[in-house]
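Number of protein chains: 2
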Amino acid sequence: MTEPRPLRVALLGCGVVGTQVAKTLLYDQEDLSARVGAPLEIAGIAVRNVDAPRDIAIPRDLLTEDAEALVDQADVVVELMGGLEPARSLLLRAIDGGAAVVTANKALLADDGPSLYEAADAAGVDIHGEAAVAGAIPIVRPLRESLAGDDITRVLGIVNGTTNYVLDQMSSHGLELDVAVKQAQELGYAEADPTADVEGYDAAAKAAILASLAFHTRVRMKDVACEGISGVTAEDVEWADRTGYCVKLLAIAERTSEGVSARVHPALVPKDHPLANVRGAFNAVFVEADAAGPLMFYGQGAGGRPTSSAVLGDIVSAGRHRVLGGKGPQESTYAALPVLPQDAAVTRYQVRLEVADRPGGLAEVAGVLGDHGVSIETVSQTAATSGSATLVLTTHSAREASLAATVAAVDGLESVRRIMSVLRVEG
Amino acid sequence: MTEPRPLRVALLGCGVVGTQVAKTLLYDQEDLSARVGAPLEIAGIAVRNVDAPRDIAIPRDLLTEDAEALVDQADVVVELMGGLEPARSLLLRAIDGGAAVVTANKALLADDGPSLYEAADAAGVDIHGEAAVAGAIPIVRPLRESLAGDDITRVLGIVNGTTNYVLDQMSSHGLELDVAVKQAQELGYAEADPTADVEGYDAAAKAAILASLAFHTRVRMKDVACEGISGVTAEDVEWADRTGYCVKLLAIAERTSEGVSARVHPALVPKDHPLANVRGAFNAVFVEADAAGPLMFYGQGAGGRPTSSAVLGDIVSAGRHRVLGGKGPQESTYAALPVLPQDAAVTRYQVRLEVADRPGGLAEVAGVLGDHGVSIETVSQTAATSGSATLVLTTHSAREASLAATVAAVDGLESVRRIMSVLRVEG
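From first to last, the protein sequence lines are chains A and B. Each step along the first sequence adds one to the number in the numbering used here, with nothing skipped, and position 123 is 836. Each step along the second sequence adds one to the number in the numbering used here, with nothing skipped, and position 258 is 971.
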């Protein structure tokens, strides 16, 4: 038997993840080669500037600024540069040239996954993106393959470690959001510009990918209703705790009788729900499926080493297909379910109000909710101090649109001094 | 383009799992066929007695007592009969005939997985066994594929729902083991003869499979040190709670510098460990990997519907390979690490003693531990009642063999009235 020819792996990008992937391929490749069934070797690493300072473990002669030439000589192209271009063009070039591709690029997959999948399908090559959602946690492959015989009804994901860390610190130490964000920045959990995390954009890209995989339907980033945590206060977090909840930023993908939807928003999660115990910068994805019932996948969602685990797993999968023949599963979009408008979501709400301490206040509020068809599940009112009391209402499931109208009407009541918060309840 | 020819699926066995798989294939096969890319149809269902009473949803004319003839006409053979024979012979026959095989048979895979994998490899067909470990939870595929680029160091699994339910009831309601087992039997969580669950044999088969997958090394059932929960008392569970732990039956697979080992035993798990929150009959597998760090996979580990999810996922995977070409990963045993003897495990221990309430007692016990090279991490002693006190020692990591010798020596001390319990601490 002849020795199989080496598989040439091209890395595009050499940031925190790329560096870790390169190190493993360079210095720990015996195991990987044994698992693939053929030697793996790095064809090169494309970077913007070969002279930029970087980890000395990366040999200078592997670096190149000519990404296209590198792509053209690779069997497996691993895109870790992020952003839409030139990542997209380079991946399409790789696919057209017959290379398998691995990407960790959530924005690209959420924005334009279909064109990549179609190209890969036409060329008969693998495309893998395990690292694009929830870092080290195997979730893309379980959804695409392990659960391919089941019908998923809902996915609730804590898929942004930065915001989970921030909310956890707010909860543990009573911090306000800006203080907790600053701490997260100092510890390297949040970027200098934390907008993409705090406003939920990062989670929204992942929600689109999760919804597409779960429901065999194309859901794009633009379909995802997105609200970040910038409106969450220390008081919200404290009241959540008092009423038996944790505040979590959730990426939600849901299938109803009308279609599918994806959204990102802060939500109250009951303390006995498995997601409530996801602390610090950890991620977790909770999946509900018809036959399997509830499942949860938990682990580190970011960082160079953890994310490299997912990328290297994809490289091994792609490599095995090169050696053994065959390819990974194609994009599955046969269901093509209607993607519902952003305000179609139906959830439970917790509404917290400051009300005047006088008879009939609760009746007025309850009347308005009833008039709008929003029914109340639980209600509690604190003892009054200086003439006002806090009223906390939890509703049964209601449409986003009805709730908005209801809250506006409640806000107009004489006995209501202030809408303190409106938070969705999930899980 | 011509319509792809239907894939014929043969089911061997029609118990709780088989019935669910059959129902989905019969009445919900449109989705499955779309995901596979070819129509799926049931070739037949082999049973011991076609006239036995069963779910009326299963058409009588699909049933056959001639399993061999059924196997010979199938593209995918799904073995859900359990036991070693005739399951093994039928699967080998299927493989030799060029069919892909799916099995949920943990005993067979743990006992004789290698011969099945070798046959599948030689024939170039898929072999899948996701349902053999932890029911609905995707864990086999994540270990074989998603984590194939990482180095797993440890797997801690709650992989037996019956014993987790029993221990959870003991903990929540202060029940003794026999009462909790009886309850579990009444609720259908435990079988009439609960030996395989209670004594850990079921978990041991899963430990062998997990260790084999995690360490790319063949670990068989006979290599697994196995201790069930029959020695766990209500008092043990209560003391665990008092000292900050839960008692869980764990399937453990571990890689050390000397080799790999697998074992099953009850263990104290700190209450803040993710496994401690796994309640009722749920399963969870906690994985530690070099790059990924800690991961956890959580869900239902048994039952017809949940297990059918894993089986159907495997059927779709096997079907996709039939349609698209290629095959699933082979058995990976290249590492062939030494499988360590059963008493080589190194763990921490909690030892609970009844000691005479007199000066010098603690010093004597501590002295014996020191003489045996076992160092103490924490110690606490309760106030004495009727002349004796309870002493709880937690040790640093020690070898199983040293600990056994130590406990024997401690038992001989004059100040020690009784060894109340010795429990390992994990996680």
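Among the hints, a few may not be true.
Below are the DMTMM-like pairs computed for lysine to aspartate or glutamate, each with C-alpha atoms no more than 25 Å apart in a straight line [stated by the list, open to error]: (1) K895(A) / D954(A); (2) K895(A) / D864(A); (3) K895(B) / D834(B); (4) K935(B) / E951(B); (5) K984(A) / E889(B); (6) K736(B) / D764(A); (7) K895(B) / E971(B); (8) K736(A) / D764(A); (9) K736(A) / E940(B); (10) K984(A) / D764(B); (11) K935(B) / D785(B); (12) K736(B) / D785(B); (13) K895(A) / E940(A); (14) K736(B) / E912(A); (15) K895(A) / D906(A); (16) K935(B) / E971(B); (17) K935(B) / D954(B); (18) K935(A) / D764(A); (19) K935(B) / D985(B); (20) K935(A) / D985(A); (21) K984(B) / E951(B); (22) K736(A) / D1003(B); (23) K984(B) / E951(A); (24) K895(B) / D954(B); (25) K984(B) / E778(A); (26) K895(B) / D864(B); (27) K984(A) / E1044(A); (28) K736(A) / D785(B); (29) K736(B) / D985(A); (30) K984(B) / E940(A); (31) K935(B) / D906(B); (32) K984(A) / D954(B).
Partner residues are not named here, just some residues of chain B that face chain A (Cβ under 10 Å, in silico) [unchecked claim]: (33) L739; (34) Y740; (35) T777; (36) E778; (37) E781; (38) A782; (39) D785; (40) Q786.
Read the hints as simulated data drawn from the structure, not as lab findings. Please read all numbers here as calculations on a predicted model, not as lab measurements. Just so you know, even glycine gets a beta-carbon here, dropped at the ideal spot from N, CA and C.
| Hint check, failures only | 2, 3, 4, 5, 6, 7, 9, 10, 11, 14, 17, 18, 19, 20, 25, 26, 27, 28, 29, 30, 33, 34, 35, 36, 37, 38, 39 and 40
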